[in-house]
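2 protein chains.
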Amino acid sequence: MTFFKDNPVCNLFKIDFPVISGGMVWASGARLAAAVSNAGGLGLIGAGSMKPELLEEHIDKAFKATKHPFGVNIPLMIGHSKDHIDICIEKKVQVVFTAAGNPALYTQKLKDAGITVAHVVPNAKLALKAQNSGCDAVVAEGTEAGGHNGKDGLTSLVLWPSVADKVKIPLIAAGGIGTGRAMAAAFALGASGVQIGTRFAVSTESTAHQNYKDACVKADGGSVRIFNTAHMPIRALLNPYVNEYIKKECAGESIESLLSFRGKGRTKTGIFEGDIEDGEMDAGQVCELINEVLPVKEIMNRLIEQFFVAKNL
Amino acid sequence: MTFFKDNPVCNLFKIDFPVISGGMVWASGARLAAAVSNAGGLGLIGAGSMKPELLEEHIDKAFKATKHPFGVNIPLMIGHSKDHIDICIEKKVQVVFTAAGNPALYTQKLKDAGITVAHVVPNAKLALKAQNSGCDAVVAEGTEAGGHNGKDGLTSLVLWPSVADKVKIPLIAAGGIGTGRAMAAAFALGASGVQIGTRFAVSTESTAHQNYKDACVKADGGSVRIFNTAHMPIRALLNPYVNEYIKKECAGESIESLLSFRGKGRTKTGIFEGDIEDGEMDAGQVCELINEVLPVKEIMNRLIEQFFVAKNL
Chain A
1 MTFFKDNPVC NLFKIDFPVI SGGMVWASGA RLAAAVSNAG GLGLIGAGSM
51 KPELLEEHID KAFKATKHPF GVNIPLMIGH SKDHIDICIE KKVQVVFTAA
101 GNPALYTQKL KDAGITVAHV VPNAKLALKA QNSGCDAVVA EGTEAGGHNG
151 KDGLTSLVLW PSVADKVKIP LIAAGGIGTG RAMAAAFALG ASGVQIGTRF
201 AVSTESTAHQ NYKDACVKAD GGSVRIFNTA HMPIRALLNP YVNEYIKKEC
251 AGESIESLLS FRGKGRTKTG IFEGDIEDGE MDAGQVCELI NEVLPVKEIM
301 NRLIEQFFVA KNL
Chain B
1 MTFFKDNPVC NLFKIDFPVI SGGMVWASGA RLAAAVSNAG GLGLIGAGSM
51 KPELLEEHID KAFKATKHPF GVNIPLMIGH SKDHIDICIE KKVQVVFTAA
101 GNPALYTQKL KDAGITVAHV VPNAKLALKA QNSGCDAVVA EGTEAGGHNG
151 KDGLTSLVLW PSVADKVKIP LIAAGGIGTG RAMAAAFALG ASGVQIGTRF
201 AVSTESTAHQ NYKDACVKAD GGSVRIFNTA HMPIRALLNP YVNEYIKKEC
251 AGESIESLLS FRGKGRTKTG IFEGDIEDGE MDAGQVCELI NEVLPVKEIM
301 NRLIEQFFVA KNL
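Which chain is which? The protein sequence lines are A and B, in order. Numbering follows this note's numbering, with no gaps: position 170 of the first sequence is 170. Numbering follows this note's numbering, with no gaps: position 41 of the second sequence is 41.
Any given hint could turn out to be false.
Identical chains blur together in the list; that is why a pair holds if it fits in one copy or across any two.
Using 27 Å as the maximum straight-line C-alpha spacing, the simulated DSSO-like pairs for lysine-lysine come out as follows [what the hints assert, rightly or not]: (1) Lys-61 - Lys-92; (2) Lys-168 - Lys-311; (3) Lys-218 - Lys-125; (4) Lys-151 - Lys-248; (5) Lys-64 - Lys-111; (6) Lys-311 - Lys-166; (7) Lys-311 - Lys-5; (8) Lys-14 - Lys-64; (9) Lys-247 - Lys-151; (10) Lys-168 - Lys-218; (11) Lys-218 - Lys-129; (12) Lys-218 - Lys-166; (13) Lys-111 - Lys-125; (14) Lys-125 - Lys-91; (15) Lys-92 - Lys-129; (16) Lys-168 - Lys-91; (17) Lys-268 - Lys-109; (18) Lys-311 - Lys-109; (19) Lys-268 - Lys-125; (20) Lys-264 - Lys-125; (21) Lys-51 - Lys-247; (22) Lys-311 - Lys-111; (23) Lys-92 - Lys-264; (24) Lys-248 - Lys-268; (25) Lys-248 - Lys-297.
Just so you know, these hints were derived from the structure itself, not from any lab.
The whole structure should be built from the sequences, with the hints applied where relevant.
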């Protein structure tokens, strides 16, 4: 694969393909991360749904399951983020992706420990902030993405080139990518790597429940919607729970009342336990293009093959 | 430009570049359409804001202003659409793009008159319907686009490949395209042509008011939002009018009350008369990437040049 020989994302993370798996609650544990790294990409353990001791366990497992670099994705706005950062340093994880918070908070600390750092952003202004905070790369994630979303609602098609024009560090494109065609589109728009969430959540190695995977396969893009718009937008599969949430939103209910209705553990109920009625099944719009559960290796092979076909069109 | 020699969109419309200007209310009259056709693309007169006699006038003007093919865009859900169709047949317009309605309604009639027909759709199901109705091409328009939007909220990145996989007629990509990079992305995702709205609305030859053009140049993508979500989604620049509308929506006001608040002539007030406070300024998310008003010829030159650069990346 001489094409990626000079690719800045491959060189930064010491990987064969500039393909990173997203940090997804209840789906991206050590098994998925190691599979992605073993397939030539960069696998991330999603710390978002993990208590510190569970993250330690997954990091240990990943070190055993792959000799290739892997990373940890840490959402900064949740309670355990400081502990997560310390664990990554202690365990000598090679790469950390931070998200949903201030990139100035831990980037220097991580870099001082020799860790390569990327930060996830929803707009160009925050991309510049990530660059100025010393991040090695920036992930620009469009509104197509599953789970928590930026309030701007910027789509990948518009966000990626806007960020590419403004930053000098490598741009990793995220949001709506599940095929090599979309990867080629991302490169045309100025990215030099991609981060893929939902497509890997719907893989054999993902810890998401089979019901969740089946629901993603069945869904079209129109049934993966943004809700909780006013507080912090979330993209998930439409189901009785999300429909009820949206109904309450439209009726003008207060944020407090909405959050109390959401309660705790909704994503666990949906993604991990497979309750497709009452759980929250965070997923991206790319469900439109996902037609089967596949092993990670097969996803990666198709992705790279389609990428080259699309590039030669 | 041998690259486009075998391009199906160029061959279908007998044009040099597979670039079509969108039919935009109050912006795309004969002057803009002729300029786009003279620059090697296919210019469309937007009939949406025109009474039948005004459309006749614009068609006559366009025939005088260009020797190249041009077309008319006709939204089918508005009152004058039947008259608009008859005028296009009578005046021997070469191309008609229909939108916002049933493609089975007039396609055969237009084709019997020797007119090439394309239909604009927001999802793959309607793309198949357009193909089955005998359309020569389909325009798949993502939620990035300005003005009326589909209810699915499908973004271009996900919509285009989904349609490309399902139809055999040429796919024209629309929604979020203002640069050659995005055009290259569209091609990677399976399109063989592009339709561009807002970028051409912010051209010298557009009949939109200077205040509207300036507002688009000033706006970032996060300030071009969808409203009227429950009835028929519209994407427009945030201003006091749209903010008030969204506030009423969030408070759960009825559709009747909302439409009465919108009243008649809001797009004329905003786009044509330049009232940036009280008017409705329909525009696409691509405002994020539009930094100046340019002549059509210059927009086309940059587009094609960037397209080839992005393809060779």
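Against the structure, the hints come out as follows:
Proximity of Lys-61 and Lys-92 under a CA criterion of 27 Å is satisfied intra-copy only: 14 Å inside one chain copy versus 71 Å between copies. In this assembly of identical chains, the alpha carbons of Lys-168 and Lys-311 lie at most 27 Å apart whether taken from the same copy (24 Å) or from different copies (21 Å). In the homo-oligomer, the alpha carbons of Lys-218 and Lys-125 lie at most 27 Å apart only across protomers (15 Å), although the nearest pairing inside one protomer, at 36 Å, exceeds that limit. In the homo-oligomer, the alpha carbons of Lys-151 and Lys-248 lie at most 27 Å apart both inside one protomer (19 Å) and across protomers (19 Å), since each shortest distance falls under that limit.
Proximity of Lys-64 and Lys-111 under a CA criterion of 27 Å is satisfied intra-copy only: 24 Å inside one chain copy versus 65 Å between copies. In this assembly of identical chains, the alpha carbons of Lys-311 and Lys-166 lie at most 27 Å apart whether taken from the same copy (24 Å) or from different copies (21 Å). For the homomeric pair Lys-311 and Lys-5, the shortest alpha-carbon distances inside one copy (16 Å) and between copies (19 Å) are both at most 27 Å. Only within a single protomer do Lys-14 and Lys-64 lie at most 27 Å apart by alpha-carbon distance; the minimum there is 18 Å, versus 61 Å between protomers.
In this assembly of identical chains, the alpha carbons of Lys-247 and Lys-151 lie at most 27 Å apart whether taken from the same copy (20 Å) or from different copies (16 Å). Taking CA atoms no more than 27 Å apart as the test, Lys-168 paired with Lys-218 passes between copies only; the shortest distance there is 24 Å, against 40 Å inside one copy. Taking the shortest Cα distances, Lys-218 and Lys-129 sit within 27 Å of each other only across copies (21 Å), while inside one copy they are farther apart (39 Å). Proximity of Lys-218 and Lys-166 under a CA criterion of 27 Å is satisfied inter-copy only: 17 Å between copies versus 38 Å inside one chain copy.
With identical chains, the CA atoms of Lys-111 and Lys-125 are at most 27 Å apart within one copy only, with a shortest distance of 22 Å there and 49 Å across copies. In this assembly of identical chains, the alpha carbons of Lys-125 and Lys-91 never lie at most 27 Å apart, being 32 Å within a copy and 50 Å across copies at closest. Proximity of Lys-92 and Lys-129 under a CA criterion of 27 Å is satisfied intra-copy only: 26 Å inside one chain copy versus 56 Å between copies. Taking the shortest Cα distances, Lys-168 and Lys-91 never come within 27 Å of each other, neither inside one copy (30 Å) nor across copies (53 Å).
When the C-alpha separation of Lys-268 and Lys-109 is checked against a cutoff of 27 Å, the pair qualifies neither within a copy, at 31 Å, nor between copies, at 55 Å. Neither within a single protomer nor between protomers do Lys-311 and Lys-109 lie at most 27 Å apart by alpha-carbon distance, with minima of 39 Å and 39 Å respectively. For the homomeric pair Lys-268 and Lys-125, neither the shortest alpha-carbon distance inside one copy (32 Å) nor that between copies (33 Å) is at most 27 Å. For the identical chains of this complex, Lys-264 and Lys-125 are neighbours neither inside a copy (32 Å) nor across copies (37 Å), given an alpha-carbon limit of 27 Å.
Taking the shortest alpha-carbon separations for Lys-51 and Lys-247, neither the intra-copy value of 33 Å nor the inter-copy value of 39 Å comes in at or below 27 Å. Taking the shortest alpha-carbon separations for Lys-311 and Lys-111, neither the intra-copy value of 35 Å nor the inter-copy value of 35 Å comes in at or below 27 Å. For a Cα distance limit of 27 Å, the shortest separation of Lys-92 from Lys-264 qualifies neither inside one copy, at 32 Å, nor across copies, at 64 Å. For the identical chains of this complex, Lys-248 and Lys-268 are intra-copy neighbours only, at 22 Å inside a copy versus 34 Å across copies, given an alpha-carbon limit of 27 Å.
Taking identical chains as interchangeable, the C-alpha atoms of Lys-248 and Lys-297 are never at most 27 Å apart, the minima being 42 Å within one chain and 50 Å between chains.
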